[in-house]
Each structure stands twice: as C-alpha cells, then as structure tokens.
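Work the whole structure out from these sequences, hints included.
Chains as they are written, first to last, in the numbering used here: chain A, 1 to 337; chain B, 1 to 505; chain C, 1 to 349.
FYI, nobody ran anything at the bench for these hints, they're computed from the structure.
Keep in mind that a hint or two might mislead.
Claimed, not checked - Straight line, CA to CA, 30 angstroms or less: simulated BS3-like cross-link-like pairs of lysine-lysine:
id: 1; chain 1: C; residue 1: 161; chain 2: A; residue 2: 32
id: 2; chain 1: B; residue 1: 32; chain 2: B; residue 2: 80
id: 3; chain 1: C; residue 1: 345; chain 2: B; residue 2: 51
id: 4; chain 1: C; residue 1: 324; chain 2: A; residue 2: 115
id: 5; chain 1: B; residue 1: 283; chain 2: B; residue 2: 484
id: 6; chain 1: A; residue 1: 117; chain 2: C; residue 2: 161
id: 7; chain 1: A; residue 1: 334; chain 2: B; residue 2: 111
id: 8; chain 1: B; residue 1: 190; chain 2: B; residue 2: 264
id: 9; chain 1: A; residue 1: 208; chain 2: A; residue 2: 115
id: 10; chain 1: C; residue 1: 161; chain 2: A; residue 2: 289
id: 11; chain 1: A; residue 1: 208; chain 2: B; residue 2: 499
id: 12; chain 1: B; residue 1: 325; chain 2: A; residue 2: 318
id: 13; chain 1: A; residue 1: 334; chain 2: B; residue 2: 126
id: 14; chain 1: C; residue 1: 161; chain 2: A; residue 2: 290
id: 15; chain 1: B; residue 1: 126; chain 2: A; residue 2: 208
id: 16; chain 1: B; residue 1: 32; chain 2: B; residue 2: 96
id: 17; chain 1: B; residue 1: 314; chain 2: A; residue 2: 336
id: 18; chain 1: A; residue 1: 117; chain 2: C; residue 2: 345
id: 19; chain 1: A; residue 1: 208; chain 2: B; residue 2: 80
id: 20; chain 1: B; residue 1: 325; chain 2: A; residue 2: 208
id: 21; chain 1: C; residue 1: 240; chain 2: A; residue 2: 318
id: 22; chain 1: A; residue 1: 290; chain 2: C; residue 2: 170
id: 23; chain 1: B; residue 1: 325; chain 2: C; residue 2: 214
id: 24; chain 1: C; residue 1: 265; chain 2: B; residue 2: 343
id: 25; chain 1: C; residue 1: 161; chain 2: B; residue 2: 314
id: 26; chain 1: A; residue 1: 208; chain 2: B; residue 2: 51
id: 27; chain 1: B; residue 1: 96; chain 2: B; residue 2: 110
id: 28; chain 1: A; residue 1: 161; chain 2: A; residue 2: 40
id: 29; chain 1: A; residue 1: 117; chain 2: B; residue 2: 70
id: 30; chain 1: A; residue 1: 290; chain 2: C; residue 2: 265
id: 31; chain 1: B; residue 1: 31; chain 2: B; residue 2: 70
id: 32; chain 1: B; residue 1: 111; chain 2: A; residue 2: 117
id: 33; chain 1: C; residue 1: 240; chain 2: B; residue 2: 325
id: 34; chain 1: B; residue 1: 190; chain 2: B; residue 2: 51
id: 35; chain 1: B; residue 1: 320; chain 2: A; residue 2: 334
id: 36; chain 1: B; residue 1: 264; chain 2: A; residue 2: 334
id: 37; chain 1: B; residue 1: 71; chain 2: B; residue 2: 96
id: 38; chain 1: A; residue 1: 318; chain 2: B; residue 2: 283
Each chain, written out:
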Amino acid sequence: MKKMKINGAFLNANRAWIFLIVVMIIGVFTPKFYTAYNIKAITGNNTLFIWLACGFTICMIAGNMDLTVQYCSTFAALICLGTHSRQKWPWLICILVAVLMGVIVGMINGLLVTKLKISAFIATLGMQFILRGLMYLYAPDEQSIGRDMAANEFLNDKLIKFLPFSAYFLICLIAVLIVWIFLRWTRTGRNVYMIGGNIETAWLAGVKSSRITILTFVISSVLCALGGALNGIFSGAANISMGEKGISPLMIGMTATIIGGTDTSGGSGSVLNTFITMIALAFLKGIFKKTEMQVLVISIIMILCIAYETIAAFRRSKILGIRPNLRNEYLREKGKA
Amino acid sequence: MAETALALDMRQVSKQFPGTLAVDRVDFQVKKGEIHALMGENGAGKSTLMKVLAGLFNDYTGEIYINGEKKELRSPIMAKEAGIGMVYQELSLARKISIYENLLVGRLPKKNALFIDRKKAIQMAKDSLERVGLGNLDPTISVSEISQCDAQLVEIAKVLDSHPSILVMDEPTSSLSSEEVERMFSIIRKLREEGMAIVYISHHMQEIFEIADRVTVMRDGRRVGNALVSETNEEELVQQMVGEPVKKFYGESANTVTSEVVLKLEDFTRWGFFHHVNFELHKGEILAIEGLAGSGRTEIARALIGVDEHHLGKAYFHGKEVNFKNFGEAISTGIGYVTEDRKILGLALSQPVSDNVLSCVIDRYSKGMFYSNAWNNALVDEKINEMSVYPADRTRLVNSFSGGNQQKVLMAKWMAADVDVLILDEPTRGVDINAKQIIHNAIRQYVAQGHAAIIISSDLPEIVGLADRAVVLREGHIIGEIPKEGITENSLLMAANGKGEYVNV
Amino acid sequence: MSDQNKTVLSPKTDTRKTEVNKGILLFNRMGIWVITIALLILGTIIAAANGGHFFDKSNIQSILEAVALYGMVAAGLFYVTYSGNWTDMSIPLTMAMAGMLTVQSINLGFPVALLIGIATGLAIGMINGFMIGHLRANPIIWSWGFNLLLSGIIRVGWGGKQLYADTVAKQTDFAQHSAQTFYSISRTYIGGIISLMAIVMLCMFVLSYIIHAKTSFGQKLKLVGSNYEAARFSGINCQKIVMMGYMISSTFAAVGGIFYTALRKTASYENGTGYDFTCLTCVLLGGTLLSGGKGSVLGTFGGVLAYGILNNILSWIGIGTYTKYAVQGMVFLLIVFINTYTERKLGRS
Chain A
1 MKKMKINGAF LNANRAWIFL IVVMIIGVFT PKFYTAYNIK AITGNNTLFI
51 WLACGFTICM IAGNMDLTVQ YCSTFAALIC LGTHSRQKWP WLICILVAVL
101 MGVIVGMING LLVTKLKISA FIATLGMQFI LRGLMYLYAP DEQSIGRDMA
151 ANEFLNDKLI KFLPFSAYFL ICLIAVLIVW IFLRWTRTGR NVYMIGGNIE
201 TAWLAGVKSS RITILTFVIS SVLCALGGAL NGIFSGAANI SMGEKGISPL
251 MIGMTATIIG GTDTSGGSGS VLNTFITMIA LAFLKGIFKK TEMQVLVISI
301 IMILCIAYET IAAFRRSKIL GIRPNLRNEY LREKGKA
Chain B
1 MAETALALDM RQVSKQFPGT LAVDRVDFQV KKGEIHALMG ENGAGKSTLM
51 KVLAGLFNDY TGEIYINGEK KELRSPIMAK EAGIGMVYQE LSLARKISIY
101 ENLLVGRLPK KNALFIDRKK AIQMAKDSLE RVGLGNLDPT ISVSEISQCD
151 AQLVEIAKVL DSHPSILVMD EPTSSLSSEE VERMFSIIRK LREEGMAIVY
201 ISHHMQEIFE IADRVTVMRD GRRVGNALVS ETNEEELVQQ MVGEPVKKFY
251 GESANTVTSE VVLKLEDFTR WGFFHHVNFE LHKGEILAIE GLAGSGRTEI
301 ARALIGVDEH HLGKAYFHGK EVNFKNFGEA ISTGIGYVTE DRKILGLALS
351 QPVSDNVLSC VIDRYSKGMF YSNAWNNALV DEKINEMSVY PADRTRLVNS
401 FSGGNQQKVL MAKWMAADVD VLILDEPTRG VDINAKQIIH NAIRQYVAQG
451 HAAIIISSDL PEIVGLADRA VVLREGHIIG EIPKEGITEN SLLMAANGKG
501 EYVNV
Chain C
1 MSDQNKTVLS PKTDTRKTEV NKGILLFNRM GIWVITIALL ILGTIIAAAN
51 GGHFFDKSNI QSILEAVALY GMVAAGLFYV TYSGNWTDMS IPLTMAMAGM
101 LTVQSINLGF PVALLIGIAT GLAIGMINGF MIGHLRANPI IWSWGFNLLL
151 SGIIRVGWGG KQLYADTVAK QTDFAQHSAQ TFYSISRTYI GGIISLMAIV
201 MLCMFVLSYI IHAKTSFGQK LKLVGSNYEA ARFSGINCQK IVMMGYMISS
251 TFAAVGGIFY TALRKTASYE NGTGYDFTCL TCVLLGGTLL SGGKGSVLGT
301 FGGVLAYGIL NNILSWIGIG TYTKYAVQGM VFLLIVFINT YTERKLGRS
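This is the structure in structure tokens:
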C-alpha cells in the first residue's frame, strides 16, 4: 500500500517503537532480564503509570494539560480501599465510587477550563492541590490498608496462562485499547484531534468544542481513578504519599506522552504510542535498577525529544511564507553556480 | 430559464459600518457556469460584499436571490445552506490532521452506531479530491506534508463537498507558483463546465484575463463597472478601479529631494523572498516600493532592518556598509520601520501611551542601567501633540483609543525615535480621513527636515500623493522605476501587474 | 477617496471602553493590598477569638520567617511570569542544585561556596533562557523537563544521598568554620529580633523592585511581556531580555535554595519541592498577569505577605498542614479566575 520511506520524519513519527526496540535489545544483554517472572513484575509495577500516561495523552491531544492525574489516582486508591475496609462494601462498588470521584474531578477540570476560561495548566495545578488536601482529610493517618487476599490475588494472577502478564496489566491493556479505538474510530474521538489541531476549523464545522474538552478531562480522570483503585487492590495498600519519592508518576506520565510523540500543542499523538513508550520506560527501569540512573536516563531522552521538536519548529519558522516561484529560481541559480 | 438563469442576484445590497458605508447599493449578478471576477482596490468594498454573501453580517440591507429564490443570509450556516461556498485566503485546515478528516470534519461516515467507517471516509475523500484533480493524493497523510497548492485545492475540495451552487474564491493563487496557478485554473475551468457559478477575487490583472468571463469593478463601495472580459482591456479596468484622478486631498508636496544618497541596496537577496534588489534612497525623498501584496515588499524591509536574515548583497547607509543583526542596531544607526499591523506588531495595546511612544528609545535615554519613562514626559507630550493624538493623555492605555489614534501613537513612537530613514509599511491602513491627513503631513514634514522615507502601501492614492519616486517590485524582483511625474494610480497598478511603459523587463 | 471625504466624518472622540467598572479597575490595580489588609483584620479577629495576639512580636516574626524563603524565590519568579512565559517549573531543582553545589564546595570557604551556589542559578537560568527566549520552546514543557533532568543529574552525581555540610567539610578549622557559618545564615537574628532570612528577602525585594521599576531592562521586559512582536519591532532584543528574566529568576531561586539548605541542614534533590506552585501563587496573588506585561514587584511582595498571613490564620484556626493544601488550591483558582475575569472586563483578551 503506502511506501515506507526511511527518513528523519519517519524515524520521528515512530520513535516510540524505536525506543522500545532499542530498550529490548539492551535487555538481551542484561542478565536474567527476559524471564517470565521479571517481565510480569516489571509490567505489573508500572501499570499505574500507563493509566496516568494515557490520561495525560488524551488531554494533550485536545491541546490541554491535566496535572491532576497523579492525585486523582492516589485519591481513588484511598477511596477504594477505604470504603472497602471502613464500610465493608464489595470491591465492585468501591471501585465504582472511586471512578465516580474521577468523573467529578474531570468534570470540574473541564468546567474550569471551558466555562471559567482558566488555562488548563493553571486550573489543574490548582485542582491538584485541592485533591491533595482532600486526600489528607479523607485519610489523615497517611495510609489506609484494606487487604483482601481474593481480589488481590485475582489481579496478581496470570489471566492467560502462557503470557507473563498479571491480570491487572491485562485490564489496563484492554482499557488502553478501548481508548485507542475511541480516539481512532469514533466521530467524537476524531473531533478530539480536531479541536487540538485547529479549534476554529472544528468550530466552523459545528463541533462542540467545550463539550469535547470536558469529555477529555473526564476520560483522563476516569482512567486515572480506575487505574488508581485497581492499583490499590493490586498492591494491597494505598499510600497517601504515593509517588512523592523518586520520579513522580505525573512526570512519568508526561515523559511517556512526549517521548511517545504527542504534540505538546495538541492535534496529534496516540495513546498506543504512549503505551509503547511506557512499556519501554518500564523495561528501562528494569534494566537500570538504580532509581538515580533511571531518572537521569529517562530525563535525558525526554529533554532530547523536547529540544528536537523546539529546534525543528524554530527552523520551520525561518522559512515560513517562502515564495515557490522564487525558491525554484534560487535552485536554478544555485545549479548553475 | 435555462441559459439566462442567474445563480446569484444581489440587488441594492448595502452594508454600513460605524462611520462608513462599506457597500453602497450594489447590484451583482453571476450567471450559472460563469467565472465572474470581482476587482477593486483595497477598501473598495469587495471583501465586505463577499462577507455579506458568506453570511457574516446579519445587518445588511438589500435583497439576495440565489437560483431565483430570495434568501436571507444572516449567518454562515444560512449561507452554506443557500449553496454558497467560500474559499478563504487563509487556510482553515488543521495542519496536523489527515486530509480526509479535514475534508469530512463533523460528518465522518459511520459504520454502525459507534464507529466511523474509515474505508468509506477515505473513499469519499478520494472522490472529492478527484474533483479538484488530486486523485492520486493519499488522503491519509496530514495536511502539513503536502504543498501549499495542494492544500489550497484540498480547501476547495472541502468547500465543494457542501455542494455549493456558487463558489467564492478570495485570491486563491496568492501563494502559488506559476505552474501551480495553471493547475488551479484548469480545476476552476472544469468546475465552470459543471455549471457552477464562480466569483473570483484577484488583484492580478493577468489572471482575470486568463480565466474570467465577466468582470465587475468596485470602487468606494459602489459598482463602477461591469463588462465581459472579452470586451474590455486592462487600461479600461484600471481606469474604473482608480476613478477620476484625485488630487485635492493630497496637497502638492514641496520638492525636497537632494542628490545625497542615504541608503543604497546592492544585489540584496533573501532566497525565496526577494532576489537581487537594487535601489537608492536620497535625502529628502519619499520612495515608494510598489507591488502587489506578496511581492516581497515587506520582506525587503524586514531583512534590511535585521529582523530577518539576508543571504546576498550589501546595504549601505550614508555610504557605509551596514549589516544589522537585530532591529536595535538598525534604530541606533538611524533606520526605523513602522510595522504594518499596529495591533499585532506595532503597539503594546495593554500599556499606556508613554510606554509605547518611548519603546524604541529606552537605550538612548537610559543613564547607565537606569531608566525611567518619567524623564521623557515632555518628549512624549510633544510628540503626541505633534501627531494630534486625541485625547492627548500619555497615561491612557492604548487599547482605549480608536484605530486612527492608535496609528497616530505608532507614528509618534517613530517620530520620537528620530531616525534618519523611516520605512512605513501601510501607514494608514484602516484609519479615518482625519488621521490619514495628519499622518501624511507628519511624513512630509519629517522628510522636509532632511530625512528620507520609504513607503509601502496598498493605498494607491496615498502613493500618488506622497511619493517622489517609485520602484516597482513584482514577485521578488525590481522590474522598473517610476519618476514622480509618472506616478499615477494607473501607472502604479499597471506596473505592479508587470505592464506599462515603466517596466523594463 | 474623494467620495469618502463627503461621507466620512470621523468622530473626533472615541468613548469605547472608557466606561469601565470603577470597582474592577480599582481591584485590578490595588487588589492585593485590599486582600492583605482584609486578611490582617481577619487575622486579628481570629487570633483574639483564640485568645492570642495577632500583632504579637513572635507571631509577626514567625510570619516573616515563614515567608522569607518563598519571598526570595517569588521576587525572581515574578520576572518569568511578567515576561509572558507563565512560570518556571525548574524552580525546585534550581534550589536543590544550588544547595547541593554550595554544600559540596564548602571546603573552599563559605563566601566562595555561596558564589558557586549563586552561579549555579545563573547557569540554569541561562540554559532555560536560551531555550525559551531564543528557540521559543514551550516554557512549561521545557522547564519541567529540565527540572527532571537536573533531578537526574543530582541523583546520579551524588548517588541519591543527602549531603551535610559538616560531613562534607574537611576536618580543618577553616572548613568546619565555613560549614558552621553556612548553617548559621538561616538562624541569625539581627538585633535578636528579625531573622537574617527576612532581611535578605527584603533586600532581594528592594533589588527586584529597582530592577523592575528603575532600569531599562525592566522597561523593556514590560514591553516584551505585553506584546513580544511589538517589542521586537521596537528594536528591543527580546531574546536577550527573556533570557535575562530567566537568569534573574533562577539566581533568586538559587539564593532561596541556599538558605533553604542551610535551614534544613541537608542538601538533597528534594529541597525546594512545592516552591514552584507556592511562589507562582504568590506572584499571581500579587496581581501579575499570567499572560505577562502587567504586575509589580510591590504587588508580589503583597502576595507573599498575604500568603504568609493566610497560612498563619489557617494555623490559628487549627487547620493541619495537609488540609492547607486544599485551601491553597482554592485560593489559587479563585485568584486566577478573578485575574482573568477582570482582565476580560477591562477589554484585554
């Protein structure tokens, strides 16, 4: 069908896959890396970040940033485990309550951005702190543990016997695929790209941009809440200061989004690419055992991606508005000389 | 009914703006299967007329009939439903999004209740691209990957998808190469054969004679001419566009030109924007750079003052070679540039007058590191009084002034800069007559004091009234020079189109 | 043209937008001091209700001490916001990095170590300024990514360990003395009353005020912040100006980071966590516009004070540290909303 040309643009467009392949090749030289146990542990421990990264990606495709992802997931985990251990509700209800919280947070984010016209970065920055405060109000004892071995074991088990993945990871994979399909194959999903790409065009074509913006925030928060709640069950504990040590989950989410090739001004990107990048990052963390090294390597890759895009945009701006007739003339003159 | 059927019949259409009647009882008819060119100078009212047609105003007066039926075009949606398709000059495509989605935005076909039918969408996109001759373009690639010409055609395809009976194109060729223009024209001719009525707005005389069947000329909001293209010629059209020679508004200027060369460009080139530009500017002279929009006139100014780079050639200022790395250097050497768009490039609208007026002279009046606007209040007052800014209050925020007074503030800023050579880019666009007169007088006075000015303007009477000499720029090349005696609206317009006695290529 | 002469008689005056709500205008200019005074009154009442004295020496002292570090950083961050680049997300690690390098070089003597710390800030500001001012990178994405990179460098460079000045210092009198001097800077009270930190903060605000209000740089920054392109076409070297703004911001953050490190007695990559948000709150509270070009150092100082008083009041009421987050978040959103709302009403986009 389409001819594949290997050039800079092609490499850049597929940088998530290239990143994954490179990391996997490095993995070959790492002792005891490709063991079923190791793969299961690595993917399981990083599943939470996948949820967050995908949530972050959706908002960024629509041209916004959602900084609440981290606290939304932590709060969801606390609510889920808290309602289970305090109110003795069944797991399913607990998860639903947590997701409901996610819906509310997403709605508020979306309304702040669309109705009060506060920029998304600032609005979610403020929300982030409100959530943090509420979290402490809900669980002042810093931890709320409600271990239920059955649920915990279900999520930890391999759902499909010959695949080295935990059920939790597979659920996440399914969610990512659903979101991917939504963004790629539905009208609303395509409109998300449209409002990120050129909100005026979308508006002229009758796309209801504020409704879709709110929807992206809700999807993002729901993903984070679901991921957080399941993560709480999966790991058996919800820690209020989750992720405040080491590299913060929000940062990982943003890193995966940017390395995955989502445009920071919106309009392009893919949750699948973010997912691939996140897997690569998880493997990378498996290869570099030391947290310090992980942070450094990941940050260098990310800063290179940002710098590359900045410089490319800077170059493009230099030849903006060039006249095709005169460019041809220049090429002719140069050919003679 | 068949042959004589009018696709569009606008009767006595008027549109009033505060302070001006932009469109004054205009009749405009377009037949089916006709390419109808609409011409006129900037501000003649042609784009306002087309905006009425696009439904952007809900307070026009007059009647509009489309295919014989009376229609009310009070909103863009009403216009679209009435069968009017507008191709705007600025592309309304989302660059990062694929072509087929741009074409089908808001109406992607669905396979079932949930999913879009990608295959069908691509097929639909292919079909509509076929109509504009882009049959072998892959509709899944993003708009940013295709050429400007293709993007323009995609834009047309998008408009055609709403099955308009009337297609309005506003300067569709302004950013295309000559080969691409040919491609575009063959598409437009094909559409004409399909029976579509096409309104074609252009400044390029050649294009009109190449493609249009009939031409309507507007001037000062009125229709002043309507003829079959085959029965008219360029001189006649130019005559209609410029009207009777007007002089009274611009008083005769005292000739202050001396032989001393202030500024000289030699083989000045920025590849892809303007090539091998040569001209001289004399002390006491107002030199016009005449050319159509997009001919590279603004780019020359930008490269000269060091905002953009230049690749070849030299610039001499008072005989000394200069090569500015940034605009600050140019100002301190003595070259100023009054930008064309006061709101975006010219003024800090949210700041008071004094900050704006003094913005180019901060370094000049700073004492070491220290600086205060208050030291120069007298200068600000002097300059805004000189320019009769009303109200003459230096503490007022610029965005609370009218357009004319904002432009006067912009001029006051450059008068305060006190440079030797001032380049004025559209110095009076969108300002009222009073402000225009004040600004023109200021320019004259400035030059009489022994300075020199270069003026770039789409307002032909302005050039006729002000310029001592004009160099003609066309597609990035200087193609001729018009001495003061020869500067008339006719000669300028002809020369800008590459015709007439003053063009030597 | 000749026709227009007859039909067009342009109105001499233009009264658009002069009918601005006076209250909105007043708030727009004076907002923060109204808030500060209101908070002071509120504080007095609440303190009295709790049987204390708000204007007690120790209370005032604790307010000043609490805001000293925030003040130092906010006095610099103001320049980034003012230049139209929203905020500098690399503030926390700039602080941490400055603290790290100061402690690491304590053997060279305290003054040299201090200079190295400040130079760190200058260097970080230069890199940020180059990327954002010159290459026009997205200010938030870049500075945040750079923040992560700095964190990676510190963690690998020092193996993720915390650094103590007295253990880094060699067992010589000179080095140990330097370490002790370093620790003491955050614990010195001038005349036994006002902490050195508060004095330094005030000095930095005075310096910042002079830079902003009295120098040509401040004037240029104002124009760059309100309309970048117009500033460029007035002959202002915007790239340099934005870069200098970042350099001031990072340098001030570095000073804050050094005091922070001295106060905590340890240097680590975690120093400065949360300062990005808090200091941005103070700057915005002070009436500086996120889109740039409007605001004042005096307002920022008011913002810092208001923030400190608010925190103080919250502790009088007995709200815990963590619950304060929620209150801070709400205050932040409210302030941003009021700012954007009044600006819209005043006719700015």
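Query raised in the report: Holds or violated: residue 96(B) with residue 110(B), Cα cutoff 30 angstroms?
Result: holds (22 angstroms)
Query raised in the report: Going straight from one Cα to the other, do residue 117(A) and residue 70(B) come out at no more than 30 angstroms?
Result: Distance ~41 angstroms between residue 117(A) and residue 70(B) Cα, so the pair is violated.
Query raised in the report: Between residue 161(C) and residue 289(A), is the straight-line Cα distance small enough, at 30 angstroms or below?
Result: Holds, because 16 angstroms separates the two Cα atoms, which is no more than 30 angstroms.
Report task. For the pair supplied as a hint, residue 161(C) and residue 290(A), confirm whether the alpha-carbon distance does not exceed 30 angstroms. Result -> Between residue 161(C) and residue 290(A) the Cα gap is close to 12 angstroms, so the pair holds against 30 angstroms.
Query raised in the report: Going straight from one Cα to the other, do residue 111(B) and residue 117(A) come out at no more than 30 angstroms?
Result: Not OK: residue 111(B) and residue 117(A) at ~36 angstroms, beyond 30 angstroms, violated.
Report task. Below or equal to 30 angstroms on CA atoms is what counts here, so check residue 161(A) against residue 40(A). Result -> Holds - the C-alpha atoms of residue 40(A) and residue 161(A) are around 12 angstroms apart, at most 30 angstroms.
Query raised in the report: Has the given pair, residue 283(B) with residue 484(B), been kept, meaning a C-alpha gap of at most 30 angstroms?
Result: holds (15 angstroms)
Query raised in the report: Hey, residue 290(A) versus residue 265(C), does the alpha-carbon distance stay inside 30 angstroms?
Result: holds (26 angstroms)
Query raised in the report: Going straight from one Cα to the other, do residue 325(B) and residue 318(A) come out at no more than 30 angstroms?
Result: Holds: residue 325(B) and residue 318(A) sit about 15 angstroms apart, inside 30 angstroms.
**Report entry** Straight-line alpha-carbon gap residue 240(C) to residue 325(B), limit 30 angstroms
**Finding:** holds (13 angstroms)
Query raised in the report: Straight-line Cα separation of residue 240(C) and residue 318(A) no greater than 30 angstroms?
Result: holds (19 angstroms)
Report task. Starting from residue 290(A), check that the Cα of residue 170(C) is at most 30 angstroms away, please. Result -> holds (29 angstroms)
Consistency note: the structure conflicts with the earlier hints numbered 6, 7, 8, 11, 13, 16, 20, 24, 25, 29, 32, 37 and 38.
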